[in-house]
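Let the sequences and hints guide you as you build the complete structure.
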Amino acid sequence: MTRSLAGQAALIALAAVVAVIFPHLVNNYWLSVGITALFYAIVAASWALLVGYAGQFSFGQMAFVSMGAYTSGMLAKYYDVPIPLGIATGVVLCAITGCVIGYVCLRMRGPYLALFTVAFSEVLRIILVSEAEVTGGNGGLQIPSLFRGRSDLPYYYLGLVLLGGSLALMGWLVRSRWGLFFRAIRENEEAAAAAGVKVVRFRLLAFAIAAMFAGLAGGFFGHYVGILTPDIGSVDQMGLVVAMAVIGGPESLIAASIGAILVEFLLEALRAYEQWRLVLFALVLLLTVRFARNGLLALGADSVMRVFRRRDAATPARTA
Amino acid sequence: MQPLIEARGLCKRFGGILAVDHLALSVQQGELVGLIGPNGSGKTTTINMLTGHLSPSAGEILLRGERSEGAAPSSFAARRVGRTFQITQLFSRMTVLENMLVPGLARPHSHRAEATRQARAHLEFLGLAKLEGLQAKNLSGGQQKLLELGRALMLDPEILFLDEPFAGVNPFLRDEIIGLIQKLHAEGRTFVIVDHDIEAIQRLVKRLVVMARGAKIADGAVEDVSHDPEVLRAYAGV
Amino acid sequence: MLDYLLSQLLNGLVIGVIYAVIAAGLTIIFSILKIVNFAHGEVFMAGGYFSYFAIALLGLPALMGIPAAMLLCFLMSLLIERTLLTPLYSPKTERKGDYGVLATFGVSILLRNLALLVFGSYPLRPPSFWSGSLIVGAIYLTWDRVFAAGFGVLLLALLVWFMYRTPWGEALNAVGQSRESASIVGIDSTRFYRLAFGLGGALAGAAGALVGPIYSLSPSMGLAPDTQAFAIVILGGMGSVPGAIIAGLLIGLCENMFVAFFPDPSRALTYAQAFSLVVLMIVLLVRPTGFFGRRHMAME
Ligand SMILES: Nc1ncnc2c1ncn2[C@@H]1O[C@H](COP(=O)(O)OP(=O)(O)OP(=O)(O)O)[C@@H](O)[C@H]1O
Ligand SMILES: [Mg+2]
Chain A
12 MTRSLAGQAA LIALAAVVAV IFPHLVNNYW LSVGITALFY AIVAASWALL VGYAGQFSFG
72 QMAFVSMGAY TSGMLAKYYD VPIPLGIATG VVLCAITGCV IGYVCLRMRG PYLALFTVAF
132 SEVLRIILVS EAEVTGGNGG LQIPSLFRGR SDLPYYYLGL VLLGGSLALM GWLVRSRWGL
192 FFRAIRENEE AAAAAGVKVV RFRLLAFAIA AMFAGLAGGF FGHYVGILTP DIGSVDQMGL
252 VVAMAVIGGP ESLIAASIGA ILVEFLLEAL RAYEQWRLVL FALVLLLTVR FARNGLLALG
312 ADSVMRVFRR RDAATPARTA
Chain B
181 MQPLIEARGL CKRFGGILAV DHLALSVQQG ELVGLIGPNG SGKTTTINML TGHLSPSAGE
241 ILLRGERSEG AAPSSFAARR VGRTFQITQL FSRMTVLENM LVPGLARPHS HRAEATRQAR
301 AHLEFLGLAK LEGLQAKNLS GGQQKLLELG RALMLDPEIL FLDEPFAGVN PFLRDEIIGL
361 IQKLHAEGRT FVIVDHDIEA IQRLVKRLVV MARGAKIADG AVEDVSHDPE VLRAYAGV
Chain C
13 MLDYLLSQLL NGLVIGVIYA VIAAGLTIIF SILKIVNFAH GEVFMAGGYF SYFAIALLGL
73 PALMGIPAAM LLCFLMSLLI ERTLLTPLYS PKTERKGDYG VLATFGVSIL LRNLALLVFG
133 SYPLRPPSFW SGSLIVGAIY LTWDRVFAAG FGVLLLALLV WFMYRTPWGE ALNAVGQSRE
193 SASIVGIDST RFYRLAFGLG GALAGAAGAL VGPIYSLSPS MGLAPDTQAF AIVILGGMGS
253 VPGAIIAGLL IGLCENMFVA FFPDPSRALT YAQAFSLVVL MIVLLVRPTG FFGRRHMAME
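So the protein sequences, as listed, match chains A, B and C.
Numbering-wise, my numbering comes out as the position in the first sequence, counting from 1, plus 11.
Numbering-wise, my numbering comes out as the position in the second sequence, counting from 1, plus 180.
Numbering-wise, my numbering comes out as the position in the third sequence, counting from 1, plus 12.
Just so you know, not all the hints are guaranteed correct.
Said to hold, decoys possible - Pair ranges (Cβ atoms, derived):
hint	chain 1	residue 1	chain 2	residue 2	range
1	B	E294	C	S232	54 to 62 angstroms
2	C	W142	A	G150	33 to 41 angstroms
3	C	W142	A	D91	53 to 61 angstroms
4	A	A26	C	S232	32 to 40 angstroms
The hints are simulated quantities; they were obtained by calculation from the structure and are not laboratory data.
Built from N, CA and C at the ideal position, the CB exists for glycine as well.
Written as structure tokens, this is what we have:
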């Protein structure tokens, strides 16, 4: 127990060190890949929170990303609202919308919820495409950058802080009693209600919280990229996030975000193969869903654990 | 004395059928009531309404004198009404202890350490203490029934509705569950028990309520009810 | 104005028939396998391309593109079913609804990107079944549309006949009503899952082949019909074939009327895509059981 805890701490420290020195090891191109990966990692973790923990099968996470990005972007562009305030507004709007979606979906489960959230995302995307005078439509909307200067370094470290903060917050949440209630609702709503869990409240909370993190990620990434297109909220983008989280492990925040980072880097590393990469990742997604539903990382961790356990069993002196 | 829970003119309609038909039922503090009736007579539906899982189509539910029909299940749970389900409903991919902690922590002003202590005490009482780290889905059917009972106990319920606690349970475990119920009853908890195992029910309860086609057809001491011609007809005739 | 409305109405009917064919396939899959198939639109897309290449590469006459597409989509669906959907029949699989969503969603991403890779992103246009247009007074309708509608109606009629008048169809219905009781009366249900999934795919493929000459083919052409089909399936009462047909016609008509009456024509076309989505959302909200259908069916 203590050994695995120490191991975990060591792993986290190692990851932190690698993450901090990463920008000094790579060129600008890979730095921007790193920032994108951090963005996807937050979104994938928020999806894991909503789907993996709370069991609310939603495909609406990228719609909230888009909502956060456009809210902040338009506030900054048209009303000169300071960007941090704009991002905060986006996050609040996402929380409210998340609550509303959660509320109207109370009677829906599983696939119906998935359908509803796909429809919601597409409607939002179509509105963004159609109202081109304000949103720039498919041509995109130029929005101010968060940092002055040409370097991407500040974005990288901000993204790192955001990811670390989001994971810490979400991690604390899922270990708290709320996390326990989320999982209880995922497992059996009827029984959770009988056990005294206020199911309605916690379903709304799950939606709102997950939407907030998505909105935050969207605001950050939007002001990094500097140009918003309605495509960030598309079904294909959602598919990418689902692939990331599922390949990593949808029932673990960390696994989902590692999955996101791995997939993003692999996508770029395989850029030469163009369209093949997406086909490849779709295949990997399907294989994961079919044969390792808890994600490849969980599968990997499991086999490592098994090796350790076998070694422990082979040395009776220690178990005695 | 004010009944602990009382139903007046309780009805539930599902489309064309009246699953519960103007039911009147009152349970006093400390009673142990058996609720029996043929399949489809509306027993589960009644429990569902009395615990907030279904809202009645008509009628009133008074919990300690307070109008409560249509309130959420969590509100019944918070007011110390516990229940089990006809088909065991657990949090399958959570550990035994976590299953117990959900109601333990859902109670207002609860603390994790205290809830854990209570959960362990109940698990000890149910003979599940050694299994606390196991996922609920890996328990045997009988252990699952016990865990479900334990989860209800975490609400520190004054009244417990048990829907078929003896279904699919071997005679030894059945005797064990009977013993547990008797102990809990001796602590002052009130029970309403639905089951088709008339023998077990007769060993447990003094008062029997019989339903047929959604309506209550008998209510009284076990000896009287079991000789009631209408009850015999209901069981023979359906 | 009246003529314009009338042609919009006819166009709406044509498109409604196509929707009905797609949705009928989706509803059969839903009622038998109890999954919401997110890849249905991509099978429809594949049907369009199969037909195109059957005509272009094998030199088949245009009309033969339709059966070729149906056959290939049938086989492709069988492949999907065999490789990915079998866990749905195993009692050991947890959360089957979620599994079905993830698996079919993954297939839809795979097929869309595969199409992009193999067929490219530039739109292709298969040859007409029947060139020229039907012109009556001021009303104008291409023969391709007339043909698509006619063929679609024929398919739907065949389907209804199959589902309600043949032993296979009746058995399929029985499995749809209840897996357990079907297996008790000795129906081997896994065979019917395969049949249902293949049949649903074949219908989608036929629809894809039919719209090819009307619109062009593109890898993303399945996205919109997919949500439309969902809206139709739910509106039509999950699992009811006649319901899906009625609802399909209705949605096709309403969509075209929506375009015709939308105050701002420059936005009408983009918002037309949102129309069925909004219908889908409203139907899910108000009446998750649909308007024509049987009782709500659980997914598990
Ligand atoms: N959700 C529902 N929708 C429609 N009908 C229902 C529903 N729940 C119960 N019913 C119907 O209500 C009637 C009473 O059902 P209920 O489950 O209360 O019976 P029961 O007495 O518990 O039977 P059993 O001893 O078999 O458990 C039955 O005819 C049943 O079909
Ligand atoms: Mg019952």
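Now for the hints, and whether the structure bears them out:
1. At roughly 57 angstroms, the beta-carbon separation of E294(B) and S232(C) lies within the given 54 to 62 angstroms, and the hint holds.
2. Against the hinted window of 33 to 41 angstroms, the Cβ-Cβ separation of W142(C) and G150(A) comes to about 39 angstroms, which satisfies the hint.
3. In this structure the supplied range 53 to 61 angstroms holds for W142(C) paired with D91(A), their Cβ-Cβ distance being about 60 angstroms.
4. Hint check: A26(A) to S232(C), Cβ distance near 38 angstroms, so the stated range 32 to 40 angstroms holds.
In the structure shown, no violation is registered for any of the earlier numbered hints.
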